[in-house]
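Kindly generate the complete structure, drawing on both the sequences and the hints.
Number of protein chains: 2
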Amino acid sequence: MFRSVHDVETPAVLVDLDILQRNISRMAEAARRCGVALRPHAKTHKVPEVGRMQIAAGARGLCLAKPSEAEVFAAAGFDDIFLAYPVVGPDKGRRLLALGDRLRLAVGADSLEGARTLGDAFHAAGRRLDILLKIDVGSHRVGVPPEDALKMARRLAELRGLRLRGVFAHSGLGYHAMTPEAVMQAGQSEGRLMAEVAQVLRGEGLPVEEVSVGSTPTALSAMAVGGVTECRPGTYVYQDASQVSLGTCSIEDCALTVLTTVVSVPARDRAVVDAGSKTLSSDQLRPQVGGHGWIVGRQSRVQRLSEEHGVIDLVEGESLRVGERLRILPNHACVVSNLHDEILAVRGGQVETVWRVAARGRVQ
Amino acid sequence: MFRSVHDVETPAVLVDLDILQRNISRMAEAARRCGVALRPHAKTHKVPEVGRMQIAAGARGLCLAKPSEAEVFAAAGFDDIFLAYPVVGPDKGRRLLALGDRLRLAVGADSLEGARTLGDAFHAAGRRLDILLKIDVGSHRVGVPPEDALKMARRLAELRGLRLRGVFAHSGLGYHAMTPEAVMQAGQSEGRLMAEVAQVLRGEGLPVEEVSVGSTPTALSAMAVGGVTECRPGTYVYQDASQVSLGTCSIEDCALTVLTTVVSVPARDRAVVDAGSKTLSSDQLRPQVGGHGWIVGRQSRVQRLSEEHGVIDLVEGESLRVGERLRILPNHACVVSNLHDEILAVRGGQVETVWRVAARGRVQ
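Chains as they are written, first to last, in our numbering: chain A, 1 to 364; chain B, 1 to 364.
Quick caveat, the hints were computed from the structure, so don't treat them as lab data.
The reader is advised that the hints may include incorrect statements.
If chains are identical, the list can't say which one is meant, so a pair holds when it fits in one copy or spans any two.
[Stated by the list, open to error] Using 25 angstroms as the maximum straight-line C-alpha spacing, the simulated SDA-like pairs for lysine to any residue come out as follows:
1. K151 x R270
2. K151 x H140
3. K151 x G323
4. K151 x L320
5. K151 x E210
Given the structure is predicted, the values throughout are model-derived calculations rather than measurements.
Written out as structure tokens, the structure reads:
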């Protein structure tokens with residue numbers, strides 16, 4: 001029997017099943033239209049049930065960052081996983097070796113020293129691990145610059161125990177763009193740079209079967225570029241206030257909200273809810289997104305957080321009373337998932353099911 | 001058999017047992033000297049084993065925020081818990097009622113509407129719940145201003161199912177002080193304000209057996225004020241970079257660090273470790289504390305975080321190589337605890353035991 005959302009104890013993380021399904025279908029359809037494989041980054045939800053909805057809609061497989069996350073999804077039956085992260089170390093190599101027995105696996109690489117630690121483990125077992133070379137398309141986090149891609153790809157391809165499957169990028173720049181047009185341009189630029197890199201590598205006889213791009217804001221524009229073969233958006237599944245502020249989606253597209261209770265109204269212009277940084281995270285993500293979460297149906301925002309307190313500055317004309325319940329749209333959905341053991345899947349005011357965030361906290 | 005820290009997979013959270021024991025003993029001794037009861041805020045560790053060390057050193061009981069946290073510690077045998085939070089709602093009232101059977105319990109209150117939801121549950125069961133009135137000593141989060149304390153205390157004392165045990169405050173102001181002297185003054189001011197409030201309430205015949213203050217930076221100065229009966233510091237047990245920057249402690253007093261591996265060195269002035277905001281949290285806490293974590297033994301700092309990446313800006317003269325291990329002192333220890341299921345307790349380079357962070361993620 002379903003439980004009403006009214007009977008849910010707060011704070012609690014809710015995911016609207018209708019919005020979730022619509023977000024999943026839309027992105028899958030966009031990838032189909034572009035003839036590009038969709039490989040959602042499952043870090044946003046960390047929930048096998050949501051991953052299965054993505055696969056059912058046509059996704060080729062999932063993307064994750066760490067071997068311990070892949071272990072959770074492998075145990076849940078997923079059979080095609082790419083770790084879009086420069087995984088490094090002989091201990092990680094052993095974990096990947098065990099994973100490679102059970103599924104089609106690939107990992108990211110951007111250094112010889114790092115890749116060698118994995119290749120050695122696979123070589124000793126008489127096997128080879130698929131790797132994708134990470135290209136830095138402008139966010140200056142990890143990856144080699146496009147002009148160094150050929151040199152690094154050649155050297156990686158020579159390492160024992162490894163097989164070069166392709167190249168990948170993540171346009172973190174989209175998150176810093178100030179207008180929807182600039183976000184679109186960041187995606188186009190990512191797609192074009194990657195298609196060029198792939199052409200150069202292939203021209204020199206290197207195997208590049210995969211040209212993988214994507215983040216939620218840049219996904220649609222990057223996957224439309226000829227030569228791109230795969231796209232890896234994550235946040236689109238839930239969406240969040242940062243995506244709304246980027247123009248990636250509207251508030252009505254946000255599937256994940258946090259249900260809270262007002263626990264204190266100590267002043268006329270201040271109310272405090274029972275969701276703090278332990279529930280919403282302290283992620284700001286974009287300076288343009290003021291505060292720490294939008295309140296659904298209100299103008300007032302959560303402006304300050306401590307661990308268990310969300311302090312709302314009440315705008316003129318809005319008031320709240322102790323015991324009142326609010327839904328908060330968080331700045332960044334992925335980090336909210338990582339704080340909670342359970343997510344309530346709701347439809348029409350009823351809790352249909354409770355999902356365990358099975359890959360929560362898997363950092364190794 | 002003990003495991004060497006060298007064999008630990010990264011990222012991992014380490015707690016040095018010798019430093020931990022020293023921090024616990026020092027604060028217990030300071031409270032004894034002042035004749036004040038110590039009630040550590042266990043949110044910093046969320047680990048029953050650490051709570052037992054605090055009780056063994058002389059703490060009267062523990063402080064927490066939410067009923068679900070108290071349930072974890074009650075199940076672990078703790079018998080005196082104060083929830084320093086304006087707990088609100090009939091569902092919470094029922095949880096507290098069950099808890100009250102098993103231990104000496106009190107909760108915070110700052111509104112009649114909120115306190116009534118708890119009192120009604122206790123009254124219906126023919127019992128009374130101890131409450132402490134929260135006083136806002138300047139941080140403008142929750143609590144009533146000192147000048148409204150008498151009026152609110154009178155009305156709370158009249159509610160059915162409740163018993164007024166005293167008053168409490170938390171000088172969040174200490175965290176915004178710019179000098180150690182200003183931190184000390186914030187503590188003195190908190191202690192004096194609270195002693196005055198208690199005197200006014202007692203003068204009007206209200207029962208105030210507890211005058212509870214404290215945060216780690218202000219603990220020593222607040223507990224030294226005459227009339228204060230109890231102190232509730234939390235972070236002192238582990239300490240962190242924010243406390244070092246406040247002058248509360250030195251780097252050598254920090255028991256908790258995060259062990260990480262360098263996974264990428266994409267440029268001469270940049271290295272990336274496998275600990276991002278999923279490991280270190282994105283808490284900044286104090287604007288004076290630049291970046292997202294200090295690297296033990298290095299000048300370079302973690303300057304940018306994404307979920308799985310910590311981006312280090314390498315200062316002139318420092319270099320790192322892929323595969324190298326670093327220990328990072330996080331900005332805020334409490335939120336790091338809340339991200340991890342396990343903490344490794346180490347001594348002299350050996351992992352002596354693994355603690356489950358039993359109350360992690362308990363937000364309700």
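Evaluation of the provided hints:
In this assembly of identical chains, K151 and R270 lie within 25 angstroms of each other by CA distance solely across copies; the values are 20 angstroms between and 58 angstroms within a copy. Taking identical chains as interchangeable, the C-alpha atoms of K151 and H140 lie at most 25 angstroms apart only when both belong to the same chain, with a minimum of 19 angstroms there against 58 angstroms between chains. Proximity of K151 and G323 under a CA criterion of 25 angstroms is satisfied inter-copy only: 21 angstroms between copies versus 62 angstroms inside one chain copy. Within a single copy, K151 and L320 get their C-alpha atoms only as close as 61 angstroms, which misses the 25 angstroms cut-off; across copies the closest is 22 angstroms, which meets it.
Taking the closest pair of Cα atoms, K151 and E210 come within 25 angstroms of each other only inside a single copy of the chain (18 angstroms); across copies the shortest separation is 70 angstroms, beyond that limit.
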